[in-house]
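Trainee: Next come the chains, spelled out residue by residue.
Protein chains: 2
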Amino acid sequence: MDDRELLQIVMRIVGKDNCADDCAVVPCGDLEMVITTDMLHRTTDFVPGMTDWQAGWMSAAVTLSDIASMGAAPKYLLIAVGLDDWKCLEGVMQGAKDCCMQFGASIIGGDIDRHNELTVVTTGLGLVDKDHLVRRTGARPGDLVCITGTPGQAQAWLDGYLQFEKALFEPQPRVREGQMLGRAGVNAMMDDSDGIALSLYDLMSVNGYGFALDSQKLPLPVGIPPGHALELALYGGGDYELIYMIDRGKFPVEGVPSTVIGTVVAEPAVTVDGRPLEKRGYQHRWE
Amino acid sequence: MDDRELLQIVMRIVGKDNCADDCAVVPCGDLEMVITTDMLHRTTDFVPGMTDWQAGWMSAAVTLSDIASMGAAPKYLLIAVGLDDWKCLEGVMQGAKDCCMQFGASIIGGDIDRHNELTVVTTGLGLVDKDHLVRRTGARPGDLVCITGTPGQAQAWLDGYLQFEKALFEPQPRVREGQMLGRAGVNAMMDDSDGIALSLYDLMSVNGYGFALDSQKLPLPVGIPPGHALELALYGGGDYELIYMIDRGKFPVEGVPSTVIGTVVAEPAVTVDGRPLEKRGYQHRWE
Numbered sequence: 027m028d029d030r031e032l033l034q035i036v037m038r039i040v041g042k043d044n045c046a047d048d049c050a051v052v053p054c055g056d057l058e059m060v061i062t063t064d065m066l067h068r069t070t071d072f073v074p075g076m077t078d079w080q081a082g083w084m085s086a087a088v089t090l091s092d093i094a095s096m097g098a099a100p101k102y103l104l105i106a107v108g109l110d111d112w113k114c115l116e117g118v119m120q121g122a123k124d125c126c127m128q129f130g131a132s133i134i135g136g137d138i139d140r141h142n143e144l145t146v147v148t149t150g151l152g153l154v155d156k157d158h159l160v161r162r163t164g165a166r167p168g169d170l171v172c173i174t175g176t177p178g179q180a181q182a183w184l185d186g187y188l189q190f191e192k193a194l195f196e197p198q199p200r201v202r203e204g205q206m207l208g209r210a211g212v213n214a215m216m217d218d219s220d221g222i223a224l225s226l227y228d229l230m231s232v233n234g235y236g237f238a239l240d241s242q243k244l245p246l247p248v249g250i251p252p253g254h255a256l257e258l259a260l261y262g263g264g265d266y267e268l269i270y271m272i273d274r275g276k277f278p279v280e281g282v283p284s285t286v287i288g289t290v291v292a293e294p295a296v297t298v299d300g301r302p303l304e305k306r307g308y309q310h311r312w313e
Numbered sequence: 027m028d029d030r031e032l033l034q035i036v037m038r039i040v041g042k043d044n045c046a047d048d049c050a051v052v053p054c055g056d057l058e059m060v061i062t063t064d065m066l067h068r069t070t071d072f073v074p075g076m077t078d079w080q081a082g083w084m085s086a087a088v089t090l091s092d093i094a095s096m097g098a099a100p101k102y103l104l105i106a107v108g109l110d111d112w113k114c115l116e117g118v119m120q121g122a123k124d125c126c127m128q129f130g131a132s133i134i135g136g137d138i139d140r141h142n143e144l145t146v147v148t149t150g151l152g153l154v155d156k157d158h159l160v161r162r163t164g165a166r167p168g169d170l171v172c173i174t175g176t177p178g179q180a181q182a183w184l185d186g187y188l189q190f191e192k193a194l195f196e197p198q199p200r201v202r203e204g205q206m207l208g209r210a211g212v213n214a215m216m217d218d219s220d221g222i223a224l225s226l227y228d229l230m231s232v233n234g235y236g237f238a239l240d241s242q243k244l245p246l247p248v249g250i251p252p253g254h255a256l257e258l259a260l261y262g263g264g265d266y267e268l269i270y271m272i273d274r275g276k277f278p279v280e281g282v283p284s285t286v287i288g289t290v291v292a293e294p295a296v297t298v299d300g301r302p303l304e305k306r307g308y309q310h311r312w313e
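Read top to bottom, the protein sequences are chains A and B.
Counting in the numbering used here, the first sequence runs from 27 upward without gaps.
Counting in the numbering used here, the second sequence runs from 27 upward without gaps.
One or more hints might be untrue.
The list treats identical chains as one, so a pair stands whether inside a single copy or across any two.
[Claimed, not checked] Result set (DSSO-like, lysine-lysine): computed pairs, CA atoms no more than 27 angstroms apart in a straight line:
1. K42 - K113
2. K42 - K243
3. K113 - K305
4. K243 - K192
5. K192 - K276
6. K305 - K42
7. K156 - K113
8. K276 - K305
9. K101 - K305
10. K156 - K101
11. K42 - K276
Honestly, the hints are just simulated from the structure, not real lab data.
These numbers were taken from a predicted model, which means no experiment stands behind them.
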């Protein structure tokens with residue numbers, strides 16, 4: 027049993043629409059408010075060697091990334107911290123606060139709990155004009171498939187390429203870029219936190235269209251043998267780049283360094299160089 | 027080290043104002059939006075014998091209670107579920123959904139995580155007219171101190187009085203009452219989830235005034251020896267009644283069954299029958 031299979035259970039109970047995007051969307055005066063929540067914890071997310079400050083930073087960053095992927099500006103963060111050791115709290119809170127400050131948000135509330143391992147749940151709220159909100163749906167055949175930055179770096183550290191520590195330990199959500207892409211009118215967007223492959227399968231399931239990637243175009247982490255680098259870029263998790271679909275005529279968006287990695291196709295299949303892309307990446311699993 | 031001591035660390039980092047109420051408050055068009063987050067988990071919150079459905083219900087209820095205590099109407103809930111056993115998910119989600127539906131809210135998003143014990147973090151959002159928002163601050167000497175319902179029942183179950191199972195396992199947040207009290211213009215309010223005693227000490231620390239309780243007036247759980255029943259009512263946690271301070275002339279508020287248990291006094295001390303009330307109740311502790 028994995029995340030995506032469990033999501034089917036959730037969809038049956040709360041409705042498909044409430045599981046479709048990186049954030050929920052509710053009206054807020056003349057604006058749209060986007061809201062998202064993420065649970066991270068020591069065993070699976072805060073790898074050995076990370077400081078408490080980095081655990082706090084990462085917790086905020088993953089949530090701000092979801093807000094960015096809707097084209098919204100992050101405004102507020104709530105943070106629930108489950109602590110086995112109370113001495114972690116100060117570092118975690120300071121890391122979360124510093125990440126919020128860097129990206130224009132502030133911490134407005136939270137909860138403290140005793141837990142058997144450090145567990146951090148961040149809830150982020152952002153605002154966006156109705157016209158600039160971007161969802162996972164909206165991709166159309168012929169659109170370019172683009173990505174910001176260089177995917178695969180976080181997984182590269184996990185595979186022993188220690189020069190990529192910063193990518194995994196202190197992810198930089200694409201907050202500025204997300205809003206610029208929203209204003210530029212991209213058609214669909216999400217972040218690639220579970221890897222490009224799984225993200226594209228998620229996008230295919232809500233759009234009904236497929237994606238044809240060209241492996242030659244994929245930006246790859248440098249200093250890694252090409253075969254392994256491609257594997258990392260396609261299937262590695264822990265990155266917070268934005269994958270977006272945009273009308274051919276609107277690319278490039280000024281101020282948002284990106285790479286075209288493929289196109290949207292009518293047939294619902296995800297391919298790379300004409301061959302099916304494997305549906306795997308970062309997933310939780312249960313027996 | 028306990029919750030309240032750790033909160034001092036948090037206040038230094040995120041500011042005192044962001045830790046002062048049961049919910050954070052942000053503007054939302056012409057209304058105020060209130061937001062709160064709570065972490066619950068198997069070891070400390072979901073007692074043996076509770077069903078998954080009840081764990082989900084309780085998780086939603088504690089968050090809706092925080093919204094009620096601001097005088098707001100609950101609208102939306104996000105739920106992050108950390109699962110050791112995936113088979114819990116359906117019951118937890120259904121319980122949370124049923125609680126939301128009963129009190130006028132809906133589940134709009136969430137997260138699924140693998141964890142070493144069932145951990146549920148609910149984030150609730152509510153709306154309220156600016157004029158009807160109630161905070162913990164605003165109490166004035168001479169105000170009546172009132173409480174809804176009968177406190178101490180949840181703790182009574184934990185102490186072996188099993189007729190109170192429903193109070194602990196399926197708490198009923200005072201959502202309707204909270205909004206009626208807000209519209210009636212009560213001066214200050216919070217829920218008593220950590221017990222009356224700790225709640226009054228929390229209220230004293232933000233108001234600067236004290237509280238004089240009359241033990242004869244406290245409604246007590248029935249069928250329990252009086253001494254023990256008073257102990258439960260003052261110090262027991264796990265209840266979700268509303269404690270509020272109101273002008274003498276505004277009491278009672280029609281449609282909100284409540285009991286006057288004391289008065290607000292100028293001297294910053296919490297007393298019962300003229301003697302200092304112990305500062306204890308439901309707290310997490312760390313070595």
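Trainee: None of the hints should be skipped; say for each whether it holds.
Mentor: Evaluation of the provided hints:
Taking the shortest alpha-carbon separations for K42 and K113, only the inter-copy value of 20 angstroms comes in at or below 27 angstroms, while the best intra-copy value is 41 angstroms. For the identical chains of this complex, K42 and K243 are neighbours neither inside a copy (34 angstroms) nor across copies (50 angstroms), given an alpha-carbon limit of 27 angstroms. When the C-alpha separation of K113 and K305 is checked against a cutoff of 27 angstroms, the pair qualifies only between copies, where the shortest distance is 24 angstroms, while the shortest distance within a copy is 41 angstroms. When the C-alpha separation of K243 and K192 is checked against a cutoff of 27 angstroms, the pair qualifies only within one copy, where the shortest distance is 24 angstroms, while the shortest distance between copies is 60 angstroms.
For the identical chains of this complex, K192 and K276 are neighbours neither inside a copy (32 angstroms) nor across copies (59 angstroms), given an alpha-carbon limit of 27 angstroms. Only within a single protomer do K305 and K42 lie at most 27 angstroms apart by alpha-carbon distance; the minimum there is 21 angstroms, versus 47 angstroms between protomers. When the C-alpha separation of K156 and K113 is checked against a cutoff of 27 angstroms, the pair qualifies neither within a copy, at 43 angstroms, nor between copies, at 38 angstroms. With identical chains, the CA atoms of K276 and K305 are never at most 27 angstroms apart, being 29 angstroms at best within one copy and 63 angstroms at best between copies.
Proximity of K101 and K305 under a CA criterion of 27 angstroms is satisfied in neither setting, with 34 angstroms inside one chain copy and 36 angstroms between copies. In this assembly of identical chains, the alpha carbons of K156 and K101 lie at most 27 angstroms apart whether taken from the same copy (16 angstroms) or from different copies (20 angstroms). In this assembly of identical chains, the alpha carbons of K42 and K276 never lie at most 27 angstroms apart, being 31 angstroms within a copy and 46 angstroms across copies at closest.
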